[in-house]
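S.K.: So the sequence lines, in the order shown, correspond to chains A and B.
Each residue of the first sequence is one higher than the one before, starting from 1 at the first, in our numbering.
Each residue of the second sequence is one higher than the one before, starting from 1 at the first, in our numbering.
Take these hints with a grain of salt, some might be off.
Said to hold, decoys possible - Below, a list of computed lysine to aspartate or glutamate pairs in the EDC-like style, where the Cα atoms sit at most 16 Å apart:
#, chain 1, residue 1, chain 2, residue 2
1, A, Lys69, B, Glu28
2, A, Lys72, B, Glu84
3, A, Lys72, A, Asp192
4, A, Lys70, A, Asp220
5, A, Lys72, A, Asp220
6, B, Lys111, B, Asp199
7, B, Lys215, B, Glu282
8, A, Lys70, A, Asp149
9, B, Lys129, A, Asp71
10, A, Lys69, A, Asp149
11, A, Lys70, B, Asp85
12, A, Lys70, B, Glu84
13, A, Lys72, B, Asp85
14, B, Lys215, B, Glu28
15, B, Lys215, B, Glu283
16, B, Lys215, B, Asp199
Since the hints were derived computationally from the structure, they do not count as laboratory data.
The residues making up each chain are set out below.
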Amino acid sequence: MTHSVVRHLVFKDLYLVRWPVIASVVAGLASIAIMPLSPVLAYVGGVSFICVIVILNIVLVMSAVVQEKKDKVLLFILSLPISTTQYTRAKVTANAIAFVGSLLLLTAVAVFVIRVSALPNGILPFLIAVLGYLLTYYCVLLGVGLASDSTGWHTTVITTGNISINFLIPLLLSLPSVVHNRAGATAVWTRDIVTIIAVEIVVGLAALAVAVYVRSRAGDFV
Amino acid sequence: MTEPLIDVVGVEKSYRFFRLSNVAMRLEPGQILGFVGPNGAGKSTTIRILMGMLRAERGTVHVLGHLVPRDQALAKRDIGFVSEDMQLHGSATLAWHMRLVASIYPGWDVKYADVLLRRFNLHAEQTVKALSHGERVKAVLLLALARRPRLLLLDEPTTGLDPVARHEILAELMDVVRDERRGILFSSHNTQDVEQISDQITFIDRGRIIDSSDKEVFLDRWRRLHLDVPPGTAVPALPGAIDTTASGRIAVVTTNSYTPEIDAACVRAGLTVRDVQRMTLEEIFVANVMSNRREADR
Numbered sequence: 001m002t003h004s005v006v007r008h009l010v011f012k013d014l015y016l017v018r019w020p021v022i023a024s025v026v027a028g029l030a031s032i033a034i035m036p037l038s039p040v041l042a043y044v045g046g047v048s049f050i051c052v053i054v055i056l057n058i059v060l061v062m063s064a065v066v067q068e069k070k071d072k073v074l075l076f077i078l079s080l081p082i083s084t085t086q087y088t089r090a091k092v093t094a095n096a097i098a099f100v101g102s103l104l105l106l107t108a109v110a111v112f113v114i115r116v117s118a119l120p121n122g123i124l125p126f127l128i129a130v131l132g133y134l135l136t137y138y139c140v141l142l143g144v145g146l147a148s149d150s151t152g153w154h155t156t157v158i159t160t161g162n163i164s165i166n167f168l169i170p171l172l173l174s175l176p177s178v179v180h181n182r183a184g185a186t187a188v189w190t191r192d193i194v195t196i197i198a199v200e201i202v203v204g205l206a207a208l209a210v211a212v213y214v215r216s217r218a219g220d221f222v
Numbered sequence: 001m002t003e004p005l006i007d008v009v010g011v012e013k014s015y016r017f018f019r020l021s022n023v024a025m026r027l028e029p030g031q032i033l034g035f036v037g038p039n040g041a042g043k044s045t046t047i048r049i050l051m052g053m054l055r056a057e058r059g060t061v062h063v064l065g066h067l068v069p070r071d072q073a074l075a076k077r078d079i080g081f082v083s084e085d086m087q088l089h090g091s092a093t094l095a096w097h098m099r100l101v102a103s104i105y106p107g108w109d110v111k112y113a114d115v116l117l118r119r120f121n122l123h124a125e126q127t128v129k130a131l132s133h134g135e136r137v138k139a140v141l142l143l144a145l146a147r148r149p150r151l152l153l154l155d156e157p158t159t160g161l162d163p164v165a166r167h168e169i170l171a172e173l174m175d176v177v178r179d180e181r182r183g184i185l186f187s188s189h190n191t192q193d194v195e196q197i198s199d200q201i202t203f204i205d206r207g208r209i210i211d212s213s214d215k216e217v218f219l220d221r222w223r224r225l226h227l228d229v230p231p232g233t234a235v236p237a238l239p240g241a242i243d244t245t246a247s248g249r250i251a252v253v254t255t256n257s258y259t260p261e262i263d264a265a266c267v268r269a270g271l272t273v274r275d276v277q278r279m280t281l282e283e284i285f286v287a288n289v290m291s292n293r294r295e296a297d298r
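Please model the complete structure; the sequences and the hints are all you need to start from.
M.R.: Encoded structure:
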């Protein structure tokens, strides 16, 4: 029964976040669609794409995790026949499906558009590294949202995450491999860019794993 | 012998400015236990420990025979929990919440849910954010009752409700325990509500259970004696006297162990018993709390 309850809670969360997810996917697709039209629109589309992912990240974590605790909806959910560990599992699963699903879909469309349009394929490693950062940012925010009730911590992670991207993009663009290859016709996956992407994924998953562990071990849940 | 619905032994939990000390509690099937205490006494903490939402540092908690928090998911299959501050998803309708709960509880009673909708004058298609406080509490209660749980844990469900809504909810609760297998733990600082529906009463104050008994026993044994004390006489030590106030020739003694023998003892001491008043649960509660606080402060 408890497995089916977890499944119901996952579907419940996906239903409740359906509009932000649909709106983000539509906005993301529109951002990607304008990118091949001109260099200026490629820049505008790229920035919009990043903004859409950042907004989806914040909206998902703040509404489905943090607000549920603050609004005491958590009391209702925990009155259902699940343990606190199963609640955490359901919450992470639903949130990850909503965010990672949208991110993968938009990434796949972006890669497709870049490959079939006049946009240089050489930009792909840079794009994936930026999206990898957004995945890390999401994992850290979800982790902090799960493990902490402190608005201060949530605000700190959001502010740091949003500001850091302004340092990350110039940093990535200054990498020799990106400088040499980004305007090229083929994507070149150099060791440094692959390492950066791998580190982003590992850091994100590790942060989330620590948060889930901390939350699951916590004796007091409300 | 029937298994108790709730069996709590020696539960302790500490916070920086509050400590739940040695809480013990037992609820048998067919009973409504009124859990009464002032604000901040530890009622919600105790109930959340029963639900597995908080972990006790010491003691054991069995709910419906399951060890909590370890087996909380099993226990919660047959618990309906309602808290005054519990919220539902604001953007979703009550009907959506009913479908969610029905999909999880095989025993969800559709007919009873419809009856409760009408009785509570709720509209299933209304979004939760459009509900008033009273309607929200009734909605939460509907979601708990239509599961047909064996145990209802109600944490101040009538707080902030108008008299009509309170009456509707209390009437519904009385109905629940017509089934002798079921039981209710009902916490409140409103002693009128508790007196109306409970058959067992437990008082809690500052994290300690200060008294626990059958309601009728409470009402029978607590009395306030108005005595005429002639000059040169004194009020003798009376059994269970927890408070004595004197003004001129009049003394008022509050006892928690009243028997007619006390009247006789007063007469033997040269006093005249003017009146022996029964006390309301609220008066008993306040006297009990104040007496325990005086003891603790000594």
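S.K.: Are the hints correct? Go through all of them and say.
M.R.: To see whether the hints hold, each was checked on the structure:
1. Note on lysine 69(A) and glutamate 28(B): the hinted pairing is violated, with a Cα-Cα distance of about 33 Å set against a maximum of 16 Å.
2. Taking the CA atoms of lysine 72(A) and glutamate 84(B), the gap is near 10 Å; set against the 16 Å cutoff, the hint holds.
3. Taking the CA atoms of lysine 72(A) and aspartate 192(A), the gap is about 46 Å. The hint is violated against a cut of 16 Å.
4. Proximity of lysine 70(A) to aspartate 220(A) is assessed by CA-CA distance (about 15 Å); at most 16 Å being required, the pair is judged to hold.
5. Distance restraint check for lysine 72(A) and aspartate 220(A): the Cα-Cα separation of roughly 14 Å lies within the 16 Å cut-off, and the hinted pair is therefore satisfied.
6. For the hint linking lysine 111(B) to aspartate 199(B), the alpha-carbon distance of about 29 Å lies beyond 16 Å, and the restraint is violated.
7. With a C-alpha separation of about 12 Å, the suggested pair lysine 215(B) and glutamate 282(B) falls inside the 16 Å cut-off, and the hint holds.
8. Among the hinted pairs, lysine 70(A) with aspartate 149(A) is consistent with the structure: their alpha-carbon atoms are about 8 Å apart, no more than 16 Å.
9. For the hint pairing lysine 129(B) with aspartate 71(A), the CA-to-CA distance comes to about 12 Å; that is within 16 Å, so the pair holds.
10. Between the alpha carbons of lysine 69(A) and aspartate 149(A) the distance comes to roughly 8 Å, so the proposed pair stays at or under 16 Å and holds.
11. Restraint check for lysine 70(A) and aspartate 85(B): the C-alpha separation of about 11 Å stays at or below 16 Å, so the hint holds.
12. Pair hint lysine 70(A) plus glutamate 84(B) holds up; C-alpha atoms about 15 Å apart against a cutoff of 16 Å.
13. Restraint check for lysine 72(A) and aspartate 85(B): the C-alpha separation of about 7 Å stays at or below 16 Å, so the hint holds.
14. With a CA separation close to 15 Å, the supplied pair lysine 215(B) and glutamate 28(B) stays within the 16 Å bound.
15. Distance restraint check for lysine 215(B) and glutamate 283(B): the Cα-Cα separation of roughly 13 Å lies within the 16 Å cut-off, and the hinted pair is therefore satisfied.
16. Of the supplied pair hints, the one linking lysine 215(B) and aspartate 199(B) holds, its CA atoms being roughly 5 Å apart against a limit of 16 Å.
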